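Work the whole structure out from these sequences, hints included.
Here the sequence shown is numbered in the working numbering, starting from 1 and rising by one per residue.
Read the hints as simulated data drawn from the structure, not as lab findings.
With a Cα cut of at most 30 Å, we get these calculated DSSO-like pairs of lysine-lysine:
id, residue 1, residue 2
1, K74, K120
2, K252, K44
3, K148, K191
4, K120, K201
5, K246, K44
6, K191, K204
7, K297, K227
8, K148, K204
9, K120, K70
10, K297, K252
11, K148, K70
12, K201, K297
13, K204, K249
14, K191, K44
15, K204, K297
16, K191, K249
17, K227, K148
18, K201, K44
Computed from a prediction, not measured in an experiment: that's the story for all the values here.
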Amino acid sequence: MEGERYVEDNWLESGLPNLVDRIVESYEEYGGVNRSEGEDLPSKQAVIGILEDLLTVIYPGYFGEANVNKSNIKYFVGSMLSSIYSRLVNEVEKSLKYLSRIFGVGSEETCRRRARMVVKEFLERIPEIRALLSGDIQAAYEGDPAAKSTDEVILSYPCVLAIATYRIAHELWIRGVPLIPRIMTEYAHSKTGIDIHPGAKIGKNFFIDHGTGVVIGETTDIGDNVKIYQGVTLGALSFPRDERGKIMKGLKRHPTVGNNVVIYSGATILGGETVIGDGAVIGGNAWITSSIPSGTKVIVAPPELYYKNSNQSEGLSTNSNC
1 MEGERYVEDN
11 WLESGLPNLV
21 DRIVESYEEY
31 GGVNRSEGED
41 LPSKQAVIGI
51 LEDLLTVIYP
61 GYFGEANVNK
71 SNIKYFVGSM
81 LSSIYSRLVN
91 EVEKSLKYLS
101 RIFGVGSEET
111 CRRRARMVVK
121 EFLERIPEIR
131 ALLSGDIQAA
141 YEGDPAAKST
151 DEVILSYPCV
161 LAIATYRIAH
171 ELWIRGVPLI
181 PRIMTEYAHS
191 KTGIDIHPGA
201 KIGKNFFIDH
211 GTGVVIGETT
221 DIGDNVKIYQ
231 GVTLGALSFP
241 RDERGKIMKG
251 LKRHPTVGNN
261 VVIYSGATIL
271 GGETVIGDGA
281 VIGGNAWITS
291 SIPSGTKVIV
301 APPELYYKNS
311 NQSEGLSTNS
321 NC
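This is the structure:
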């Protein structure tokens with residue numbers, strides 16, 4: 001025991017400082033440190049806290065733990081928005097400074113003014129975000145026979161958190177805010193298993209049933225009244241590369257889905273030139289890389305089932321009564 005203690009004490013005195021030096025050197029070589037001396041990135045924890053407060057403002061009493069009633073709701077919303085404004089301006093300013101450092105444009109004062117303007121514009125959009133979410137929730141209630149009320153949908157359906165977070169993040173995305181929209185949607189992804197990129201364009205009355213494993217890529221366009229099931233991927237078919245072999249960014253890589261489309265579980269739809277026409281129905285496990293005309297039903301041929309009972313030593317039977 002004394003020998004083990006000596007080895008431990010010796011490591012703490014000499015080995016640990018050496019390890020600290022090696023780790024700090026790796027920061028210099030590989031990066032990965034969010035510094036606090038003026039070049040810090042947005043705080044992930046702060047952004048998630050702001051998102052949770054935004055969800056509370058959008059659906060008071062459903063998200064968060066505040067006791068809200070008619071007598072205090074104006075005070076509650078006002079105090080929440082005031083807090084959100086100052087905190088979000090701080091995080092947006094940091095994200096804009098990050099962008100400024102990369103491209104070498106814009107002063108700190110410019111970033112500060114831009115952050116205040118963007119956050120004000122964003123907060124002014126909350127009534128419109130609520131209107132869109134109201135349609136999404138109604139679509140979930142009407143589209144799922146298991147839903148007993150819209151209250152149940154808001155309180156328990158994972159798609160509500162995923163879609164609400166997307167609609168919040170999208171408003172920041174289209175205003176050129178870096179980092180923060182992705183932090184928000186990836187937080188919702190981690191909570192729900194639904195991965196919606198904030199750059200995607202999604203119309204009214206959108207419903208994701210069950211949800212787990214859904215992926216909606218950055219340049220996806222989705223129309224109104226679309227319903228998709230678990231495991232659906234709206235993804236990229238390939239990644240074009242430039243003359244240096246680097247992936248080209250900013251191109252349309254993901255499909256366009258028209259109005260009144262239903263996409264069943266496990267379907268994969270790929271490619272920026274792929275268009276799913278209005279009213280189409282895409283069956284489960286379909287693999288689609290080319291456009292589908294409006295009103296078309298795509299159904300995967302049923303697999304052939306083989307049955308074998310315990311008395312059969314060789315061969316298989318397709319007779320389901322064997």
